[in-house]
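Student: If you read the protein sequences in the order shown, they are chains B and F. Following the numbering used here, the numbering of the first sequence begins with 23 at its first residue and continues without gaps. Following the numbering used here, the numbering of the second sequence begins with 6 at its first residue and continues without gaps.
It should be emphasised that the hints constitute simulated quantities derived from the structure, not laboratory data.
Mimicking DSS-like on lysine-lysine, the simulated pairs with C-alpha atoms at most 25 Å apart in a straight line are:
hint, chain 1, residue 1, chain 2, residue 2
1, B, Lys89, F, Lys30
2, B, Lys208, B, Lys224
3, F, Lys30, B, Lys97
4, B, Lys396, B, Lys420
5, B, Lys396, B, Lys232
6, B, Lys396, B, Lys224
Model, not experiment: these values are computed from the prediction.
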Amino acid sequence: MHLKDGEIKAFQDGELSSVERQRVESHLERCEQCRARSGVLSERAQRVHHYLSSLTPDLLETPQPAKLARARLEKRITQSEKERKPMWEKFTTTIFSRRARPALAALAVLLLLAVALAFPPVQAIAESFLGLFRVQQVAVVPVSMDSLPEQLGSSSTLETFISNQVDFESYGEAEAAVSVEDASAKANFPVRLPAASDGDWKLEVQPGGKMSMKVNLKLAQAVLEEIGRSDIQLPQDLDGADVSVDVPVAVQASLGDCRFDPEQANQPGVDPDDPSTWVGKECTTLIQMPSPDITAPADLNLDELGVAFLQLMGMNPQEAADFAKNINWQTTFVLPIPRENTTSRTVTVDGVEGTLIQRPRQRGGTPYVLIWIKNDTVYSLGGVGNISQAIQMADSLK
Amino acid sequence: MTLTAEKAYSKMKQDSETDFEVIFKEQWNRIHALLFRMLGDWAEAEDLALDTFLRLYHRPPRDRRNLNGWLYRVATRMGLNAIRSRNRRQRYEQESGFERLESSSPGNPAQIFEREQERKRVRQTLQGMQERTAQILILRHSGLSYAEIAETIGVSPRSVGTLLARAEAEFESRFRKIEGD
Numbered sequence: 023m024h025l026k027d028g029e030i031k032a033f034q035d036g037e038l039s040s041v042e043r044q045r046v047e048s049h050l051e052r053c054e055q056c057r058a059r060s061g062v063l064s065e066r067a068q069r070v071h072h073y074l075s076s077l078t079p080d081l082l083e084t085p086q087p088a089k090l091a092r093a094r095l096e097k098r099i100t101q102s103e104k105e106r107k108p109m110w111e112k113f114t115t116t117i118f119s120r121r122a123r124p125a126l127a128a129l130a131v132l133l134l135l136a137v138a139l140a141f142p143p144v145q146a147i148a149e150s151f152l153g154l155f156r157v158q159q160v161a162v163v164p165v166s167m168d169s170l171p172e173q174l175g176s177s178s179t180l181e182t183f184i185s186n187q188v189d190f191e192s193y194g195e196a197e198a199a200v201s202v203e204d205a206s207a208k209a210n211f212p213v214r215l216p217a218a219s220d221g222d223w224k225l226e227v228q229p230g231g232k233m234s235m236k237v238n239l240k241l242a243q244a245v246l247e248e249i250g251r252s253d254i255q256l257p258q259d260l261d262g263a264d265v266s267v268d269v270p271v272a273v274q275a276s277l278g279d280c281r282f283d284p285e286q287a288n289q290p291g292v293d294p295d296d297p298s299t300w301v302g303k304e305c306t307t308l309i310q311m312p313s314p315d316i317t318a319p320a321d322l323n324l325d326e327l328g329v330a331f332l333q334l335m336g337m338n339p340q341e342a343a344d345f346a347k348n349i350n351w352q353t354t355f356v357l358p359i360p361r362e363n364t365t366s367r368t369v370t371v372d373g374v375e376g377t378l379i380q381r382p383r384q385r386g387g388t389p390y391v392l393i394w395i396k397n398d399t400v401y402s403l404g405g406v407g408n409i410s411q412a413i414q415m416a417d418s419l420k
Numbered sequence: 006m007t008l009t010a011e012k013a014y015s016k017m018k019q020d021s022e023t024d025f026e027v028i029f030k031e032q033w034n035r036i037h038a039l040l041f042r043m044l045g046d047w048a049e050a051e052d053l054a055l056d057t058f059l060r061l062y063h064r065p066p067r068d069r070r071n072l073n074g075w076l077y078r079v080a081t082r083m084g085l086n087a088i089r090s091r092n093r094r095q096r097y098e099q100e101s102g103f104e105r106l107e108s109s110s111p112g113n114p115a116q117i118f119e120r121e122q123e124r125k126r127v128r129q130t131l132q133g134m135q136e137r138t139a140q141i142l143i144l145r146h147s148g149l150s151y152a153e154i155a156e157t158i159g160v161s162p163r164s165v166g167t168l169l170a171r172a173e174a175e176f177e178s179r180f181r182k183i184e185g186d
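Please put together the full structure from these sequences, using the hints given.
Tutor: Here it is, written out as structure tokens:
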């Protein structure tokens with residue numbers, strides 16, 4: 023058995039263990055053929071080395087010292103943070119992204135809303151946001167993106183905070199269902215599908231989950247300080263409160279090309295939140311989920327928490343107090359939407375009052391999300407295109 | 006031992022910042038020099054090195070155990086892309102009648118010219134190779150050990166010798182072709 027090129031190469035580069043080195047050495051001593059091969063490889067290596075060394079910097083061509091480079095990097099970081107989309111923008115983009123994600127991301131979001139701290143990790147999908155409190159209605163807060171704390175968009179501290187403070191538990195994996203009956207059985211609630219639609223709905227049962235945390239008021243305030251909003255007062259009774267959210271199983275039905283290719287989104291240089299990278303632009307999704315339960319101490323001052331939340335969304339204390347007066351925080355899901363490029367209005371859908379949220383028209387049509395709550399079940403229909411068809415579809419649910 | 010909330014918070018914050026600073030200090034010069042080797046221009050190399058670290062800052066890899074390997078991989082990829090687009094640009098510049106000189110360096114003009122020609126051929130050779138093959142050569146000649154190379158390109162350390170021997174053979178034959186042109 024002769025030596026392989028790789029072994030000879032590693033031997034010449036001094037990259038063999040002592041045992042292997044001895045073996046190669048003694049083989050070379052007695053094998054003329056391998057010695058000759060070794061000579062060829064080593065001469066070639068020298069030539070290649072010579073060529074590649076021409077690339078080595080001359081002594082006089084000195085690089086920037088690391089300190090100076092660090093200062094330049096800082097400048098670039100500051101610049102890029104200005105250019106980075108605020109997380110807020112990502113969130114609203116994500117509302118329309120139709121990407122099904124497991125309940126965990128949604129749980130993080132629920133937590134954030136629940137403790138009125140800030141905005142969701144990027145992955146969250148709005149359809150799953152609806153779980154806050156036992157939701158009976160939806161209220162829309164128009165938010166001016168300019169008045170949001172800039173750091174909200176890039177606070178890695180916030181993400182670290184969540185990962186350190188909150189326990190997540192997911193009850194399994196998403197599972198496909200073959201029929202409405204199958205989905206209803208798996209999800210343990212009656213699943214409805216529109217009668218007025220062409221094509222086959224694909225059904226997927228999303229696992230439920232549970233998020234729990236013990237609120238640490240000082241930490242929460244430290245995060246507010248970090249994002250420059252130390253003026254916002256959190257209710258004192260929040261400290262030490264055990265908050266938990268039970269998110270029930272949800273069923274997602276999708277129609278059309280709804281593929282989402284995570285491989286593609288994770289490619290370097292691809293912004294996973296850029297709509298043009300999504301696969302499946304011809305996609306309509308219907309999500310239904312029993313209203314989730316949130317457990318918090320009975321004496322927790324939800325109004326005060328709500329006001330803090332609204333302030334964080336850019337309202338001044340007076341506006342926040344006025345707005346909050348009209349909201350029952352126990353039963354209302356407050357969905358912030360950007361004032362600048364998103365519209366919302368109340369529509370009648372499925373026999374109840376619902377909320378229609380629309381984004382500006384883009385390639386392929388106008389993205390919309392229709393949200394309503396009926397019989398303690400939250401529905402959300404999202405897609406791109408014709409609204410009256412969407413309402414028709416929702417009205418035909420059986 | 007229990008930390009108070011504020012301490013825990015500030016420690017948490019500092020840890021991630023410190024990690025980044027440590028890596029920056031350790032690796033800046035190596036990454037910068039690596040890109041210089043590939044590009045022959047300190048300013049351009051710095052630009053790409055900064056981008057490499059900016060990426061680490063904003064979008065670090067999920068698996069943090071092998072940050073150095075990740076840095077080398079990102080940097081060499083950026084470097085190779087830059088050589089490619091530069092070659093396109095140079096073709097255009099040559100066609101349109103002017104040619105940009107690479108960064109000026111000391112020595113007599115004939116020597117400088119000679120060396121610049123060789124550097125150019127070497128880069129051209131690297132650029133024509135498969136990305137991974139070119140990466141292996143660049144990384145090895147930037148002083149990385151087999152273990153570090155293996156980490157960077159995601160192969161077993163045992164196969165690095167073989168890949169390197171092959172890469173050298175391929176480099177030489179391509180280089181000769183370019184020289185013969």
